[in-house]
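There are 2 protein chains.
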Amino acid sequence: MQADKERIARLLSYKNLLHRFESMGFVRFFSDNLADTLGVSASLIRKDFSYFEIVGHRKGGYYIDAVLERIHEIIGYDEEHKVALIGVGRIGEALIQYEGFKNHHIEIVAGFDNDRNKIDENSTPPVFHMEKLGEFLSNNAIKIAILTVPGHVTQPVIEILQEEKVEGVLNFTPIELKSTDKLMVRDINIEAELANLIYSVKQLKDKQYN
Amino acid sequence: MQADKERIARLLSYKNLLHRFESMGFVRFFSDNLADTLGVSASLIRKDFSYFEIVGHRKGGYYIDAVLERIHEIIGYDEEHKVALIGVGRIGEALIQYEGFKNHHIEIVAGFDNDRNKIDENSTPPVFHMEKLGEFLSNNAIKIAILTVPGHVTQPVIEILQEEKVEGVLNFTPIELKSTDKLMVRDINIEAELANLIYSVKQLKDKQYN
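Quick note, the sequences are listed as chains A and B, same order.
Going by my numbering, the final residue of the first sequence carries number 210, and the count climbs one at a time with no gaps.
Going by my numbering, the final residue of the second sequence carries number 210, and the count climbs one at a time with no gaps.
Wrong hints could be hidden among the right ones.
Note: identical chains are not told apart, hence a pair may lie in one copy or across any two.
As the list claims (entries may be wrong) - Listed next, the in silico DSBU-like pairs over lysine-lysine satisfying Cα-Cα at most 30 Å (straight line): (1) Lys47 <-> Lys165; (2) Lys102 <-> Lys82; (3) Lys15 <-> Lys132; (4) Lys178 <-> Lys205; (5) Lys178 <-> Lys82; (6) Lys178 <-> Lys59; (7) Lys118 <-> Lys47; (8) Lys59 <-> Lys82; (9) Lys202 <-> Lys59; (10) Lys143 <-> Lys165; (11) Lys118 <-> Lys202; (12) Lys205 <-> Lys15; (13) Lys132 <-> Lys47; (14) Lys5 <-> Lys143; (15) Lys132 <-> Lys205; (16) Lys59 <-> Lys205; (17) Lys202 <-> Lys102.
To be clear, the hints were calculated from the coordinates, so they are not data collected in a lab.
Given the structure is predicted, the values throughout are model-derived calculations rather than measurements.
Just need the whole structure built from these sequences, with the hints factored in.
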């Protein structure tokens, strides 16, 4: 069964909060502790926990270390995730330098670009010419890619990813991609989100003034 | 009535495609033209058009200029949208330099940061110290903000935005914000999207192997 997006997002916020509880010296916590801090109902938290088979202690409450271990297992943080980033433009560059992925056991192991000025095979992570993409994916068994190329090169890149059996793509291009059985896609279209926001604000105002 | 996210995303893709049709010399188009190019059904397109009150010509088909005008009106592109960007870190910097917003009649008119090294009041757009945020929003009647600050400064910034009657926020911080009657929020949590993707890929594999 596929958990919905909101449920996973909540799981991540539980995880972050439990790490904070842990750093404060907590060993056990109650669903109410999470609920109060996150501003959601304790019953929703218990439902999420039951969905993900996170079990409490028979004396009540939950052990933080056990719950975190289970969450990491669910989310796949019990292993490191090597990610390739394709398209080292402005957004690509920001993501490649972004420190926050480490907390999620995600490592961008290489960047790829067509522009020779962007290429630096000795940097950390290295940036290779796009020609080397297929070979790199295959040699390093990369399963996840971040796509930050211009719209018109999306399709040829997707074909390489499919050929090399990449399984997940985080798509920042303006081209909407469809998930298939073999390749999961999450679209992040910043322009569209912003346009969407402006539209929603406009709707809200029209409603208020009419 | 509030259109859902997918519907607005489709409207934006119709818009982009119609601009391309226009540049190819088209004057009229049929729902099948859009359907074939976008890989969606013509009936879905007609439903969207009817939802947004986009009307065809009595002889059949649609006039591109009339449809584009109507789409621009719906999305709010009949006016320019001035946006403030708060937090000029890596993602903030990438967004501030991003050319693609212009196509959406969106202009980032100023950046704000606490770090004096980031501040440059003479650049285009200028980057001001966070102290000047409230005054700038109020003087320039800014209604939309992009939030790219670290998590722990999200709340104080939101309070300033509310005070200055900002109506929409595109939120890139890891803090999930709730929309209110007065302030619409769209969350873009890149870490969570990536973690979510990894989780989904894992689920897919577990399903295939079990």
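Evaluation of the provided hints:
Proximity of Lys47 and Lys165 under a CA criterion of 30 Å is satisfied in neither setting, with 35 Å inside one chain copy and 37 Å between copies. In this homomeric assembly, Lys102 and Lys82 come within 30 Å of each other (Cα to Cα) only inside a single copy, at 11 Å, whereas the closest approach across copies is 35 Å. For a Cα distance limit of 30 Å, the shortest separation of Lys15 from Lys132 qualifies neither inside one copy, at 37 Å, nor across copies, at 35 Å. With identical chains, the CA atoms of Lys178 and Lys205 are at most 30 Å apart between copies only, with a shortest distance of 18 Å across copies and 34 Å within one.
In the homo-oligomer, the alpha carbons of Lys178 and Lys82 lie at most 30 Å apart inside one protomer (23 Å), although the nearest pairing across protomers, at 32 Å, exceeds that limit. In this homomeric assembly, Lys178 and Lys59 never come within 30 Å of each other (Cα to Cα): the closest approach is 47 Å inside a single copy and 35 Å across copies. Within a single copy, Lys118 and Lys47 get their C-alpha atoms no closer than 48 Å, and across copies no closer than 45 Å, so neither meets the 30 Å cut-off. In this homomeric assembly, Lys59 and Lys82 never come within 30 Å of each other (Cα to Cα): the closest approach is 40 Å inside a single copy and 56 Å across copies.
When the C-alpha separation of Lys202 and Lys59 is checked against a cutoff of 30 Å, the pair qualifies neither within a copy, at 52 Å, nor between copies, at 33 Å. In this assembly of identical chains, Lys143 and Lys165 lie within 30 Å of each other by CA distance solely inside one copy; the values are 7 Å within and 44 Å between copies. Taking the shortest alpha-carbon separations for Lys118 and Lys202, neither the intra-copy value of 40 Å nor the inter-copy value of 32 Å comes in at or below 30 Å. Only between protomers do Lys205 and Lys15 lie at most 30 Å apart by alpha-carbon distance; the minimum there is 23 Å, versus 37 Å within a single protomer.
Taking identical chains as interchangeable, the C-alpha atoms of Lys132 and Lys47 are never at most 30 Å apart, the minima being 46 Å within one chain and 44 Å between chains. With identical chains, the CA atoms of Lys5 and Lys143 are at most 30 Å apart both within one copy (20 Å) and between copies (28 Å). Taking the closest pair of Cα atoms, Lys132 and Lys205 come within 30 Å of each other only across two copies (27 Å); inside a single copy the shortest separation is 51 Å, beyond that limit. For a Cα distance limit of 30 Å, the shortest separation of Lys59 from Lys205 qualifies neither inside one copy, at 52 Å, nor across copies, at 36 Å.
Within a single copy, Lys202 and Lys102 get their C-alpha atoms only as close as 38 Å, which misses the 30 Å cut-off; across copies the closest is 19 Å, which meets it.
Checked against the numbered hints above, the structure violates hints 1, 3, 6, 7, 8, 9, 11, 13 and 16; every other hint is satisfied.
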